[in-house]
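S.K.: Chains as they are written, first to last, in the UniProt record's numbering: chain X, 1 to 605; chain S, 1 to 445.
It is possible that part of the hints are untrue.
Said to hold, decoys possible - Derived EDC-like pairs (lysine to aspartate or glutamate); straight-line CA-CA distance at most 16 Å:
(1) S/K2 x X/E161
(2) S/K368 x X/E161
(3) X/K106 x S/E36
(4) X/K426 x S/E36
(5) S/K4 x X/E156
(6) S/K378 x X/E151
(7) S/K2 x X/D162
(8) X/K106 x S/E183
(9) S/K4 x X/E150
(10) S/K2 x X/E156
(11) S/K380 x X/E156
(12) S/K4 x X/E134
(13) S/K380 x X/E115
(14) S/K2 x X/D176
(15) S/K2 x X/E134
(16) S/K4 x X/E131
Source of the hints: derived by calculation from the structure; they are not laboratory data.
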Amino acid sequence: METVPKPGSNVPPKKDRLQAKKKKPRRYWEQETTGTAAGASPGPPHKRKRSRELRPQKPKRNDTSKKFRISKKPRELKSPGPQRTFSGAQDPFAGPAPVSVEVVRKYCRIDKSKELPHAKTKTRSRLAVAEAQEEETSVRAARSELLLAEEPGFLEGEDGEDTAKIRQADIVEAVDIASAAKHFDLNLRQFGPYRLNYSRTGRHLAFGGRRGHVAALDWVTKKLMCEINVMEAVRDIRFLHSEALLAVAQNRWLHIYDNQGIELHCVRRCDRVTRLEFLPFHFLLATASETGFLTYLDVSVGKIVAALNARAGRLSVMTQNPYNAVIHLGHSNGTVSLWSPAMKEPLVKILCHRGGVRAVAVDSTGMHMATSGLDHQLKLFDLRGTFQPLSTRTLPQGAGHLAFSQRGLLAAGMGDVVNIWAGQGKASPPSLEQPYLTHRLSGHVHGLQFCPYEDVLGVGHSGGITSMLVPGAAEPNFDGLESNPYRSRKQRQEWEVKALLEKVPAELICLDPRALAEVDVISLEQAKKERAERLGYDPDTRAPFQPKPKQKGRSSTASLVKRKRKVMDQEHRDKVRQSLEQQPQKQEKAKPTGARPSALDRFVR
Amino acid sequence: MKVKMLSRNPDHYVRETKLDLHRVPRNYDPTLHPFEVPREYIRALNATKLERVFAKPFLASLDGHRDGVNCLAKNPKSLATVLSGACDGEVKIWNLTKRKCIRTIQAHEGFVRGICTRFCGTSFFTVGDDKTVKQWKMDGPSCGEEEEPLHTILGKTVYTGIDHHWREAVFATCGQQVDIWDEQRTNPICSMTWGFDSISSVKFNPIETFLLGSCASDRNIVLYDMRQATPLKKVILDMRTNTICWNPMEAFIFTAANEDYNLYTFDMRALDTPVMVHMDHVSAVLDVDYSPTGREFVSASFDKSIRIFPVDKSRSREVYHTKRMQHVICVKWTADSKYIMSGSDEMNIRLWKANASEKLGVLTSREKAATDYNQKLKEKFQHHPHIKRISRHRHLPKSIYSQIQEQRIMKEARRRKELNRIKHSKPGSVQMVSEKKKHIVAVVK
């Protein structure tokens, strides 16, 4: 039997001990090339063990320069080498396994750059403990990445081959049978251009045609759930929190159907709706109407939470920011406005294009927004405070529909062509130079959505529905408690109850969803001021220095005054020194950069 | 062209048979868990509401006494046994699991003033108005035997309190003076006095076992060392202290229950400023007892309620009252720190939970995990105004509620007056005195 050497428990036999001392066993990822030699030699087990120990060694700690052990105790950092035990055996993997800093940063929740107001020692120590705990959790979460089962998909061209030239048929031919089955076309020419929507687990697909055709199906098994004709124009279609409920924006009113196609509600207060968005954690259905109103409908209690007049005419471009549930509306004057139900006015207005905005999309991290306008431009905006464009590209036709995938791919529908751009990773913006994939459809694009947790892009067009294969689009590892594509009915019901219990109130929608967990400095200062007013004095101010009485005649009035003056002068000097330290920075800026001083310098301000 | 599509094998995600557990793969990526903070906040809010819904602290009432319960004692060796002495001289021993009285002794004529158990749990001492100290066996007399004390000491003056040493066969009584007795002798080893007044309670320090504290009706708290013949030091407060209790975890900390509605936690080494002033009662505080963890204590008051204070907070975290409970005279925190017992004027001993919403009995591991998680969430969001309001809200009887309002007005008036006095006198001549220093008259060594 081949065994892993355990620290202290089993000492290697004498013959091997010498070798064991010289050669350190390696982690399995450090060397991959020699694995074939060991694997290819079929022999008795003891021989295999020997051959493993005789492997050539790589230089010590070759790739550990990038990684380091994040741990609270500094002494563990100092002694990373093998440690000796009483039995003389060495622990080859002493200490905690290394975690890379980048991975830890991904899970890190606290922003250490923010300065906290001055606090009492007790509070400060409590904050320090909380911070240490947060760090510990992020390290643990980073360690658990080892347990993730699936790898994301990819598509690479061989030596300079352009991936955009690869056709869907090539991909279907190259991939396995189960993946190839995910590519399909529904030819539905009769009922006009289609809008479509995937459920949150990515398991179900609903689509509605302009001429009233509404259908929902389990697209993986291709099992049809319902198919009806509502005999009215269908403008948009959305699943509500689960696949059992379906909201359809019809010509006149908003209707809600269940998964058998039975009409449950007709919401007459939402009329002439053009676009629908569902905020799953708030149970809010946001509707944008032709009349210029943005209406939030709470689907758990059936009440309208807010009806906001955008005062920008017909609303036909809407998307949600999945990071903070803020609704982005695109207007015909080229602006994009950000809305929350708690405010009557837009949170932000961004001028994005000359001419109207045709499409808006926001990625899952909430960092980037893609917009396209009538000026045929596609722009990527930074949403973290600056709202500045990161990159711009002019497209020959201009994109009418945009969608972001879970891993940050951007799809744009231009006429009957779909282009997809990819970036470096999940958090980086897609680079707009070279498309990753292109595909031509049989009709004009009318709706686009990436399927969650599947490498699939659903396109609704005038000729029906197309399910495109886009390798590397989706998050490979889902979280079973959040949205599980393989959940049973019982699990779904349980999840529904839990989700309803922790429904986030609409008032909490704001630009920074973490604001609740941060110190509210403004109201803290206000409370302090009010307390000082109420008490008549500020309890936090330091009492003026009072010299201690001394003995043997050293407590005379003169000496008391002298000691007092000494402390006062010291404080004054400190204050002056502090202000001096701040001043020279200002002066340096004002000085001209030229080498020789000029007589005209005196006029420089 | 190299291509790989995301293709999951459903067998890895679906359970094999109906008897298996569902497979739940986890991914802790923050982008898959949006709105983490608002959702946690809502969970914390729900947990806080549920805590208030399940807050049912009253467990049982032990009735049987024929007069007000004057003193309580725990058995150090048995969690289920409790002793109580009443105003008619009767001592009862109770079994808490059965919630029944298991033995009744007519111990004294007049009040039973004090009761304490020996550290070994085999016998207990009582003092009464009939100027006697009696030692009794914890186990009842065998069949045919008469109920008699092991020893009886006849004293010259009335004894008002008694406490036993935590390790040795020595006990202390108080009355006109503090007497320290050897169990084997009928005369005190030493008697200590400081001033001439009746001493209401004496307590041994559970850690530094030679130290004693006592409080007298001339408003002072006196500390003694048993090895010395004279008292150590004393602190004089505004009003009289009824009882003191030592912190079982920190040797130098004790809490005094005062007549001026407050409790004062003192550090023995610096008596001139109390560590904390605990204010919430609206009438004289009659008794105080620490939890065995030393983090909290419970106080009984004349205002017909008991309150639980954290040691480092000036406001109480909990108030217990019932319609029928009258002035609470004595209170004890049980040794497993889960329950509180209170003895009151209307002849009942009441048993309460120390954590009002705690579920009693065995918890499954999932229940345990859920309560731990909720506890942590409540802690995390405790300062949010909405959650704070819900968790702090307590229903109070009208008498207490109106008293609180009244005293708030009085306090505000006093403060305003003080401010005016500062404003209209020469700057610096009248100082603001902090609440902690206000009630200390003097420290004498």
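S.K.: Against each hint, give a clear statement of whether it holds in the structure.
M.R.: Each hint, compared with the structure:
no. : hint            : verdict
1   : S/K2 x X/E161   : 11 Å, holds
2   : S/K368 x X/E161 : 58 Å, violated
3   : X/K106 x S/E36  : 15 Å, holds
4   : X/K426 x S/E36  : 19 Å, violated
5   : S/K4 x X/E156   : 9 Å, holds
6   : S/K378 x X/E151 : 38 Å, violated
7   : S/K2 x X/D162   : 12 Å, holds
8   : X/K106 x S/E183 : 69 Å, violated
9   : S/K4 x X/E150   : 12 Å, holds
10  : S/K2 x X/E156   : 5 Å, holds
11  : S/K380 x X/E156 : 47 Å, violated
12  : S/K4 x X/E134   : 36 Å, violated
13  : S/K380 x X/E115 : 20 Å, violated
14  : S/K2 x X/D176   : 13 Å, holds
15  : S/K2 x X/E134   : 40 Å, violated
16  : S/K4 x X/E131   : 40 Å, violated
Violated hints for the displayed structure, listed by number in ascending order: 2, 4, 6, 8, 11, 12, 13, 15, 16.
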